[in-house]
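J.: Given chain H, work out where chains S, U and W should sit, using these hints.
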Amino acid sequence: MMIPCPHCGDRDVSEFRYGGDASKQRPAHGTGDLKAWHDYVFLFENPKGPHTEYWQHVLGCRRWFKLARNTATNEIGGVVS
Amino acid sequence: MSKHYSALALARHALDPGMPWPKAWESPEPKSSYDVVIVGGGGHGLATAYYLAKNHGITNVAVIERSYIGSGNVGRNTTLIRSNYMIGGNTAFFEHSLKLWEGLSHDLNFNCMVSQRGQIVLAISPVQMDVFARRGNIMRLNGIDAELLDAGEVRKLLPYLDYSKDARWPIHGAIMQPRAGTVRHDAVAWGYARAASALGVHIIENCEVTGFVINDGKVSGVETPRGRINAGKVGIAVAGHTSHVASMAGLKLPVESHILQAFVTEPIKPIVDHVVSWGAELFYLSQSDKGGLVFGGHIDGFNTYTQRGQFNRIQTVAECAVSLMPFISRLRLLRHWGGIQDMTPDGSPFICRTPVKNLYLNGGWCYQGFKATPASGWTYAHTIAHDQEHELVRDFALDRFEKGRELDEFGLGNWTYKQ
Amino acid sequence: MTRFRRLPQGGRIDRAKPVSARFDGKALGGFAGDTLASALLANDQVLIGRSFKYHRPRGLVAAGIEEPNGLFTLGEGATTEPNVAATMVDLVDGLVARTQNAWPSAGFDLMAVNSILSPLFQSGFYYKTFMGPTKGSWMFYEPFIREAAGLGKATGLPDPDRYDMRYAFCDVLVVGSGPAGLAAALTAGRSGARVVLADQDSDFGGSLLSGNDAGHEAWRIACIGELKSLPNAETCARTTVQGLYDGNLAVLVENRSHLRPDARKGEARMLLTQLRAKTIVMATGAIERPLVFSNNDRPGVMLASALRSYTNRFAVAPDKRAVIVTNNDTAYQAALDLATAGVAVTVADHRASVSADILSRAGAKGIAIFPGSGIFDVEGAKGVTRVKLGGAHAVTIECDAVGMAGGWSPVVHLSSHGGIKPKFDEAAAGFVPGGFPASHYGAGAMMGTYGLSAAIAEGSNAGASAASYAGFGKTRPVYAPEHVTDRSYAILPTWAPAYSAKGKAFVDFQSDVTIKDVKIAHQEGYRSVEHLKRYTTLGMGTDQGKTSNINALALMAEYRGITIPEAGTTTFRPPYAPLTMGAIAGRTVGAHFRPVRLSPLHDWHVKNGATFIDAGLWKRAWFYSWAGATPETAYVKEMELVRRGVGLADVSTLGKIDIQGPDAAEFLNRVYVNGFAKLPVGKVRYGVMLNDDGIVLDDGTTARISDNQFYMTTTTAQAGEVMSWLEYLLQCHWTDLNVQVASLTDEWAGMAVSGPKAREALQLAFPAEDLSNDALPYMGCKDFPFEGVTVRLLRMSFSGELAYEVHVAADYAISLWAHILKAAAPTGIKPYGLEALASLRIEKGHVAGLELDHRNTLDDLGLGKMAGKEKDYVGRALRFREDCQSPERWSLVGLELMEPDKKLRGGSILFAATDEIKGHGRGYITSVTWSTELNTFIALGLYKGGLGHEGEEIIAAFPLKNEQARLKIVSPHFIDKEGARLHA
Amino acid sequence: MLERRSALASAKPYVGSTLKIAERPGFTLTQVAGLSPDFETKLSTVVGPLPETVARAQVNDARTLFRLGPGQFWIVGPETDDAAAKLQGQCAVTPLNSSRVRVSLEGAPAREALSRLMPVDLHPSVFTPGGVALTGIHHTPVTVHCAAENAFDIYVMRTFAVTVWEAITDAARLFADRS
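These protein sequence lines map, in sequence, to chains H, S, U and W. Taking the numbering used here, the leading residue of the first sequence gets 1117, the next gets one more, and so forth. Taking the numbering used here, the leading residue of the second sequence gets 5, the next gets one more, and so forth. Taking the numbering used here, the leading residue of the third sequence gets 1184, the next gets one more, and so forth. Taking the numbering used here, the leading residue of the fourth sequence gets 368, the next gets one more, and so forth.
Same shape as in the complex, but just chain H (with noise of 0.2 Å):
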């Protein structure tokens, strides 16, 4: 698989950190509700088709980004921002 990296442009899978779904809202910085959190940390929709992931580049500029990917065929959608 080749991710493009929004700064060093497609690169193997290989250089990259995978940084699980990036749709999820983390909760705000100082909310102490312990079901958002939950929610956040251990609850996922994992759905087969379109997916919203965190990647970083870590054998490169070490930036994360965003990404859109099918997960039903790997399909690379591009850089969400």
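Because the hints were derived from the structure by calculation, they are not lab data. Treat each hint with caution, since some may be false.
Stated by the list, open to error - No farther apart than 25 Å at their CA atoms in a straight line, the calculated lysine-lysine pairs in the DSS-like style are these:
#  : chain 1 : residue 1 : chain 2 : residue 2
1  : S       : Lys294    : U       : Lys1687
2  : W       : Lys379    : U       : Lys1802
3  : U       : Lys2048   : S       : Lys407
4  : U       : Lys1336   : S       : Lys273
5  : S       : Lys256    : S       : Lys361
6  : U       : Lys1790   : W       : Lys379
7  : U       : Lys1820   : U       : Lys2086
8  : U       : Lys1571   : U       : Lys1503
9  : U       : Lys2054   : U       : Lys1861
10 : S       : Lys103    : H       : Lys1140
11 : U       : Lys1604   : S       : Lys169
12 : H       : Lys1182   : S       : Lys422
13 : U       : Lys1699   : S       : Lys294
14 : S       : Lys7      : U       : Lys1702
15 : S       : Lys169    : W       : Lys453
16 : S       : Lys27     : U       : Lys1699
17 : U       : Lys1548   : U       : Lys1571
18 : S       : Lys160    : S       : Lys273
19 : U       : Lys1318   : S       : Lys103
20 : H       : Lys1164   : U       : Lys1604
These numbers were taken from a predicted model, which means no experiment stands behind them.
T.: Showing chains S, U and W alone in chain H's frame:
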């Protein structure tokens, strides 16, 4: 026709080539209603149906499978069985599973080739030996076999490893479970299907469950392209696709679907007589009875439903194989394939009731689905029959993350994709 | 009798270059251009081995990669390579080959008794027996089954050869160099696109190499010549495209075994290329299918295309007469070519009638044709002697060879690797690609296009389209040679034996699967394609069912009374052909398996008697020879040095992070559980980080260098994780914070100076600096210049003694380290290693990797009080989950051994004195050391209820060695509880 | 005075006829990152024009500038470079002089050698002089700079310098039969 399998039956059929064997399992048309519908005709679903009938006398059961039975991970794994678990909620469950494996061929009258050849886990540092010792001690304290091996003992058992000074990590010793081993994986699906079918269970292939019938928080059936099938109780056993199926019942789970690859070389004469695992990186290898070296490593590391693995992971695993066992370099990879597995944040599974009444969940197996098959079926059947979790799976609960009761067997932290 | 012979002329062999190989200990002669297979046949070695299960005599079936029978063991000793298809091995001087799976020899094999017992060995027999008499009986039978199974033998010796790997990129990859592939590559090449043409064969041309038409040959030569002249084209022979992966990654493996590469000279046996292609043209051809009939596995029964290939390409032909059995027109090309080579040919054609064109062309060559006929049976124990036909012409024919022409199976593997299922094409009577993604194209026989000019046209079009997709517009098409007439295919698909006797009729030669096995699978309900394959092992051999899958699928469809598409399709998984493991691993094996990480002080340690230990990727100084020869004795001396004098340890492996910006303090305040907002400049603070789940992620120290700059250290093990975590928070979530982070792990070396004489030692080393307790108190830090270099001195302690860490730019580390040792020599300073470092911290009760194992909370580690009550920090919410706060949790305790004659071991399980010693206990020992201070073994451990049980005597059990010991629960701070030493 | 010592001081030298692989010491490496919106303007006042993308280096007299990503740069200058001092206080300045070892590959087979090591297109029409790739060699991060047609500078992490050196030289030796 010989319904019972034996050497004698085989001889009778050999002498009378015209005599047909009966079908291993029947494929009836689905009825409009069952006491229990199991969604998923994999190892766990079929085992559950078998134990529902055998242990609980519930025979009005249908197993509904989207494709052919055993099309999922029961036919895609590396066939290992073991019970080297050290976390309280895991040890007894997996040992129960190993005990069931030990009698399974007899129980099912189907030779699953349960080969207790022993698993050897190699340590690459003294610290790792301590970590292994903790595991081995817990096993011993729970009546499970475990032995520490020093480097010399390992060399006697596994003379083909790299003991040279070129080895990136030296072998410090190992922990061995002699009763661990391998099982012919497809036979498990077929054996359970045949035995369940003989007890009256309906096995319905090529029939996808497309929805649940839920009223007032209670499930009463499933929708399929072949019509609605009513059910007193419904059990989900579709590891790999648990999120998708559970979402049809409105559930959102601590599960992500990831691909785990597996590999087999061309068949060769016997050379690796144990299951060998390595502490440098996740890597495990055994030789099938057919002669191929079967091995695997980590998940690819990002969620996907494609059964196609990434080549960099294939390289990683080949590097492990050749570095640990340099003779493998000259052998050839015959096939590699992928299975989609449920990954949970703590690497442990679920066997439990769900917030929907009469709907039960079995999933989240991570790397350990195959070895768990008999105990999973056994305890899931109990859970469904009694509407109460079996005592062996009390910790495999959905709410454990909310409660802070993670079952982190390997100490990898809460990351589905790092387990 | 002679069955095959070398023709006096012709072929692509170089008769001026004789080659001598060894086969089963005897000389085997041939010529350059021969394969091992063609040389065997030329030497009339028709019987070449025994079948897998029944040990039936077998001969070659194919001339290419699909060969199911002709598997040999090549090489000797450590270079032994089992199961190699003779058709893919170039005959070279020095080649050594042996038959396998037969004893004592292929000609006389005692295991052939299996053939007599074969009714017992029908498919799936082993699922039905070997279960008794007792539960564990399989363990008795298994060794016999294992011994009987398997093909060749591996040696267990390390492979002496090397394997190379490279990355490559191109615009157009063309797979296969037959007519369609050549046309595609050249058309694409003419556009200026970067083209790679790969073919598994030793030469380019595909099916053209097996032909004998001078016009076609001229076209082939011209195409290759032009292609090779293009600077933008790369041609790769002996290069199999083994798999296609996401992102258009094609994996190519070039086999250089024929060059007999020498690893000592830096020569690789294989080169694996990871090729990223913008577009891919698949011109992978088609493989001929056998026909299923009684005794179709007799040596000498081959694919018709193989007979043609051996005759035309290798100049090896049946001695006198061959029978060809077919259900389509393409077999006549083989018949005509054999006849041209002087072989008498009879064709049995399943079809009721044959076209006039064929009748006239065949008639001209004296070929006898029996329409409406097929093979009833084949005779000849160790090679074909006679064929009996059935059907319209039930005649018996004496012959030397039989050619089977059951139609063609397009090679759709690569398109299938991409996840697209093949679809059945009625006209082609085979599976063709079920479609292509935008950047993929197919051409020629793999698309079911069998005519030469049609294939060339399709190839040229595909090449042009691919180039255009890759951004290269203009090209010139490649045209077929003149006067080419595309012959008809006219297949009448026949799957079940139409005219056959009752002898074994094989579907899969290599796995010894007969038509009866397919029937049994059907009877027993193993009817889906995958069940059929798994139950009968069909298609599971090294040939991956290249000749058998489609026949089996079609037979099952016939038994089920459904069409082939209804019966399903078959999935092809990579690799396309058996792929050498060494080639996949490449250079990344042995010492190069994983990178080695070295401290800037490494060279000093090497020269000064350090023994090293692996810690993750790092090689760390474990102990030094001045203290002893084994770790068990040395670390105790090194501990004593630190407790009584002063020692110097390398701590450069700690993760180090530069944190700068106006919001740096706020950032740290969020990631650490304890407060950092008010840390004064010139001070260091210990900090702990949690993950979002409230579990401890890491600990370390952070110094405030200036208002807006901090210097963080992490544990060695978690350095990478922490760095990524900080970047993640800053880049993805806390974008409002103005902070920059940079890794300093490689920039700064660190050395710990520890012991009561630490200040004295440092004062000697840095006489110009005021190091008094007032000037640099505990947890103080300062930067100062020393001989032109900045030295960062942090007064903190892992050992519990008066201690400092001296950090300096890594380039100067050895020089500074040596300076300290020399200047402070009067204090008796010496180096100490990791074992002592890790043991000293146990005495002080500092947690480390074995305690920070992603399972423990802040409270478990006795650090709960550190957490800020008024501020928020990562992991705070989930830290307070119900069970995370339970007093029953296992938490950190100190443990002191009460029985002086015993030893404590890490991994021991802890029990209360009155507990029965079974189950999971109440905790376990994480870290153990001999305490030089207490003169006994001490440990850190986790215990249910933790220090609530302080003072209790408990039991440590180590059943793996049948040991138990009595311990006392004590504070984990074994020494200097009040911290007097730290503040000294 | 304290002596500088290269991380490759005891690495086994590479002897080749067509390919030269050697350490190229004697540089100053400063990482700078922005803490204010006008960072790039301020930076270019001190060091001259900045590289526009990650993929191209900018050579300004004795200095070579690399862009690491948004608002982050490397300044590689001579040993006497005073850029770090000049920029102090204007942005986040992190001296990294010891943290990287510079290995140069020169000669006709240099591209082929590198193709063994990094998954980046090295075709002369694609990776041209001035080109930069932030990528990985032997699992470790590297910055590869195409200094001239067949000359490359590879900035390797110091603690991995020996292992990467061995990976590079091993790869180079292994295709010697083809060069």
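J.: Work down the list of hints and note, for each, if the structure agrees.
T.: These are the hints, each one checked on the structure:
| no. | hint | in the structure |
| --- | --- | --- |
| 1 | S:Lys294 / U:Lys1687 | holds, 22 Å |
| 2 | W:Lys379 / U:Lys1802 | holds, 18 Å |
| 3 | U:Lys2048 / S:Lys407 | holds, 22 Å |
| 4 | U:Lys1336 / S:Lys273 | holds, 5 Å |
| 5 | S:Lys256 / S:Lys361 | holds, 16 Å |
| 6 | U:Lys1790 / W:Lys379 | holds, 16 Å |
| 7 | U:Lys1820 / U:Lys2086 | holds, 18 Å |
| 8 | U:Lys1571 / U:Lys1503 | holds, 17 Å |
| 9 | U:Lys2054 / U:Lys1861 | holds, 12 Å |
| 10 | S:Lys103 / H:Lys1140 | violated, 42 Å |
| 11 | U:Lys1604 / S:Lys169 | violated, 48 Å |
| 12 | H:Lys1182 / S:Lys422 | holds, 19 Å |
| 13 | U:Lys1699 / S:Lys294 | holds, 21 Å |
| 14 | S:Lys7 / U:Lys1702 | holds, 18 Å |
| 15 | S:Lys169 / W:Lys453 | violated, 50 Å |
| 16 | S:Lys27 / U:Lys1699 | holds, 16 Å |
| 17 | U:Lys1548 / U:Lys1571 | holds, 23 Å |
| 18 | S:Lys160 / S:Lys273 | holds, 19 Å |
| 19 | U:Lys1318 / S:Lys103 | holds, 11 Å |
| 20 | H:Lys1164 / U:Lys1604 | holds, 19 Å |
Comparing the model with each earlier hint shows violations of hints 10, 11, 15; every other hint is respected.
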